[in-house]
Amino acid sequence: MSDSGEHVLVDWPIAVYEELTSLEVSQVSFVPDAGLTQLINLCNADPAIHTIPLTSEEEGIALSAGAWLGGVRSAVLMQSSGVGNIVNMLSLSRTCRFPLFILVTMRGESGEVNEWQVPMGKGAPTILDVSGVNVRRAEKEDQVARLVGQAARTAFTCGKREAVLISQSVIGVKSFNK
Amino acid sequence: MISRIHAIRIIAESLQKNDLVVSTTGMISRELFITDDRSGNFYMLGSMGLVSSFALGLALLNPSNRVVALEGDGSALMSMGTLALVASEAPRNFLHIILDNESYESTGGQPTITNQIDLAKIASSCGYQKADRIENGDQLSVALTNSRNNPGPRMILAKVGIAPVKNIPRVTHHPIDIRDRFSNAVSNMLPK
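Respectively, the protein sequence lines represent chains F and Y. Oh and the first sequence: position 28 is 105 in my numbering, straight run, nothing missing. Oh and the second sequence: position 134 is 234 in my numbering, straight run, nothing missing.
I should point out that these hints are in silico values taken from the structure, not numbers from a laboratory. Quick caveat, the model's predicted, so the values are computed rather than measured. For glycine and all other residues, C-beta sits at the position ideal for the given N, C-alpha and C. Treat the hints with care, as some may be off.
Which chain F residues face chain Y? A few, computed with CB under 10 Å, are given here [to be verified]: (1) 113; (2) 121; (3) 125; (4) 158; (5) 159; (6) 196; (7) 200.
Have a look at the derived ranges for each label pair, beta carbon to beta carbon [as the list claims (entries may be wrong)]: (8) 238(Y) <-> 192(F): 34 to 42 Å; (9) 261(Y) <-> 122(F): 18 to 26 Å; (10) 238(Y) <-> 139(F): 38 to 46 Å; (11) 248(Y) <-> 203(F): 46 to 54 Å; (12) 164(F) <-> 288(Y): 36 to 44 Å; (13) 188(Y) <-> 207(F): 29 to 37 Å; (14) 206(F) <-> 242(Y): 26 to 34 Å.
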């Protein structure tokens, strides 16, 4: 979880929200992160989306699998630190070939002010990769929605496990209230 | 209802020299840091959810020190199983304080589920000796005094408001310095 009080409105959350709704995602679960605030608010405001504040990110992996069995597409949102909490639970998605779409806001990259965020900032892409989750990295704001669309479509239509990692440079160090 | 920083001031005033405090990531550690930066404070600046088990490990092997686990509702929810573990290990010197503002305030104030879930009742059901749900500063002071005079594990669930402290600084100590300072503080408290 990041430490922030200030939020600057940006465009990518709207575009991502539109991608998710166009793909008929109707369950969005999350442990919040400052960088995800705007997207979470958009999802909360949409009566067609059931939002679930998770107590731990691992629940999101199972919620997503259960939702898919019930015919519902879902997205799981988390900060890079949360990737560490889901590792064992990814076995569920991987073994049973459940589709999974994860959106991760990165901490621990350039500009990070809290060293405690660095291990998972460095580790998240590799950990996801070795856990059988395909990783796409959005380094610029205008890449985010396109990558989300690609990854989520692949997850839902090909039954794959896909993650989009949004770089800290996209979210902005400003929002981290140093 | 009191603000979280007000609750932290009351808690800090109640601390005695040999009390050890472990505080969770986010604003709680930052608010404790600006209120009373003691060598017996361990600021866990990440690893959300691990404060209670970290404090449990400390409490079990340092029975002469009172150990205070200071966290929020979000981190307590993340490791709710630890409530059962604390109760089953039952360290008498363990005080679990949850500052419950029903939100992930550090990340923008998204609601948690503690507007519907009473963590004090859960702690009681698990077997904490006492779990006080408090709503104001006077109740908090009384609960803190009672916790000192009675065996634990005890919980104080303090319902607090959402009131961010403007321009609050980060904890300026490096985690390794926090570790060493804390470790030295514990060593110095050991009976000679």
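These are the hints, each one checked on the structure:
1. Here the hint on residue 113(F) is kept, as its CB sits about 8 Å from the closest CB of chain Y, short of 10 Å.
2. With its C-beta approaching chain Y no nearer than about 8 Å, residue 121(F) sits inside the 10 Å limit, and its interface hint holds.
3. Residue-level restraint check for residue 125(F) is violated (minimum Cβ-Cβ distance to chain Y is 20 Å; threshold 10 Å).
4. Interface restraint check: residue 158(F) against chain Y, minimum CB-CB distance 7 Å, threshold 10 Å, status holds.
5. About 9 Å separates the beta-carbon of residue 159(F) from the nearest beta-carbon of chain Y, less than 10 Å, and the hint is met.
6. Given the 10 Å rule on beta carbons, the hint for residue 196(F) holds: about 8 Å separates it from the nearest Cβ of chain Y.
7. Of the supplied interface hints, the one on residue 200(F) is violated, with its beta-carbon coming no nearer than about 13 Å to a beta-carbon of chain Y, more than 10 Å.
8. The hinted window of 34 to 42 Å between residue 238(Y) and residue 192(F) holds, with their beta carbons roughly 39 Å apart.
9. Between residue 261(Y) and residue 122(F), the C-beta spacing of about 24 Å keeps the proposed range 18 to 26 Å intact.
10. For residue 238(Y) and residue 139(F), the Cβ-Cβ distance of about 43 Å falls inside the hinted range of 38 to 46 Å, so the restraint holds.
11. At roughly 47 Å, the beta carbons of residue 248(Y) and residue 203(F) sit within the given window of 46 to 54 Å.
12. Taking the beta carbon of each, residue 164(F) and residue 288(Y) are about 39 Å apart, inside 36 to 44 Å as hinted.
13. The hinted window of 29 to 37 Å between residue 188(Y) and residue 207(F) holds, with their beta carbons roughly 35 Å apart.
14. Range check, residue 206(F) to residue 242(Y): Cβ separation about 53 Å, and the 26 to 34 Å hint is violated.
Figure legend: structure checked against the earlier numbered hints; hints not met, in rising order: 3, 7 and 14.
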